[in-house]
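Undergrad: Here is how the chains run, residue by residue.
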Amino acid sequence: MAAKKATFEDAMKRLEKIVLDMENQEIPLEKSLELYKEGAQCVRLCRQMLDNARHELEIWKSGQAESLDEAELEGERP
Amino acid sequence: MDSIYTVSTLTELLRRAVEESLPFVWVRGEVGNVSHPPSGHIYFTLKDARSQLQCAWFAGRQRGNCGFDPLTGEVYEAPPPRATDMVREGVELLCAGKIDIYAARGQYQLLVELARPAGAGLLALEFEERKARLAALGFFALERKRPLPASPRHVALVTSPGGAAIHDFLEISRDRGLPATIRLFPVQVQGHGAAGQMADAIALINAQAWADVIVLIRGGGSLEDLWAFNEECLAKAVFTSRLPVLAGVGHEVDITLADMTADVRAATPSHAAQLLWRPRAELWRRLDDLQLVLDRAIAARLDDARACLQNQVAALRLLAPAQRILYLEEKWAACRKQMNAACNAALASQGFKLQNLEARLKAVDPKAPLCRGYALLHGEKGLIRSVKDARKGETVRARLGDGELVMNVDDIVHDRAARSLTYRDKENAIPL
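From first to last, the protein sequence lines are chains A and B. With the working numbering, letter number 32 in the first sequence gets 32, and the count goes up by one each step, no holes. With the working numbering, letter number 172 in the second sequence gets 172, and the count goes up by one each step, no holes.
Misleading hints may appear alongside valid ones.
What the simulated footprint calls covered on chain B by chain A, stretch by stretch (three residues with Cβ under 8 Å from a Cβ of chain A suffice, anywhere in the stretch; the number is not a length) [said to hold, decoys possible]:
| id | region |
| --- | --- |
| 1 | 163-175 |
| 2 | 183-197 |
| 3 | 280-290 |
FYI, nobody ran anything at the bench for these hints, they're computed from the structure. Keep in mind the model is a prediction, meaning the values are calculated, not measured. All C-beta atoms, glycine included, are put in the ideal place defined by N, C-alpha and C.
For reference, chain A alone in the conformation it holds in the complex (with noise of 0.2 Å):
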């Protein structure tokens, strides 16, 4: 799960700087092709990413982190 997230910041920065080397018109074509290429999968990630997110929910029991549904919380006392 943290792996994904950081690829999400990273894709996003990725795609931020692409952006902006894209808009300088001094690169050749080839390049910003392959630029246009690798933002457009950045794009993808990032969409994928966000259509799949979710908050993870814990709670500290005896010492250790368990997963716990919302729906659980009513029924727990500290």
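Starting from the structure of chain A, add chain B where the hints point.
TA: Same frame as chain A, but now just chain B:
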């Protein structure tokens, strides 16, 4: 078995015992949980740091308008404060009345007969004292406040699992931020030991070094409900936390020492979630924007390249050999035309010249004067221009326009008279 009572008997015994030992009591405490039903009665609790006492002040007993203080006998100069104004949340009140055992519910309460203000609420006073003390220690100093981490992935949530706060927080979190793990550290947020539990949780979270941020939240409540958040042990735990702490306690108007010590204060638990994460829709929008710019950039780049290519193709077409031949042919045709024109002009000019010469030639034809009566004389030695060129007896031929006459020179007469006349004329000549 005299010692076994029914509930009613025991309650009756208690009621009698209380009435006998405490027929009329004075009690001092801080007012809380005030309610004013339409009946005009006032219900509230009197409390101190450890205990609460339910109080009822019935409308018929609220003798605020008798003109004098029933306790001291002081005659009011101004109208006395009304009961509803006096019984306010958080004020310290001195109440007199009798303890009533309410058998139907097994509860006891103070039936208030008299009340008078007893200074600012103790809790409020204590809050102010602690606030001043902690402020002096630098707990609330702005320069030690840390910003919240951007896009936290590990969030330690310190709150009660059964409260409204966690639901509000999770509800708002659902559509915000990048996926994170929220680890709930279940604690009491109210009552004895709550502050200690929360302080311990914060210390534990710091020891674990797992979380990016600590979120301390609790739903709304009265001053004493939120009192745990004013305990110094909690404020100290927040103050010493190595991880940034975001606190959202009660409603917007509720300010606690834990709030004030936290790095970031949220007005409510929902607000805490808002401060922690940006709406996911914003991320979508940012992504859409980036994609748009990306698409536009590549389209512009391709358009440029296409335009450049078209220019080159046009240039190449212009430089093609066929085009060159066409150009040269056109040039050749133009040259030829020009040459013809130049020749014609030259010819015309020579023609004029010829005609002119012809005319001039005609004018100097020696035969022309002969036709008019002049004659050319040819002697034996050629053309005779002077009488000196001829001799007596010589045969000369006179050329006329239409033939010759052959003649003999009989005499030669010099033209002296003419010459002397010429001299005379010269002498008589009037200079011009």
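Undergrad: Please go over all the hints and tell whether each is borne out by the structure.
TA: Tested hints:
1. 163-175: holds (count 5)
2. 183-197: The restraint on the region 183-197 of chain B holds, since 7 of its residues have a Cβ under 8 Å from chain A and three suffice.
3. 280-290: holds (count 6)
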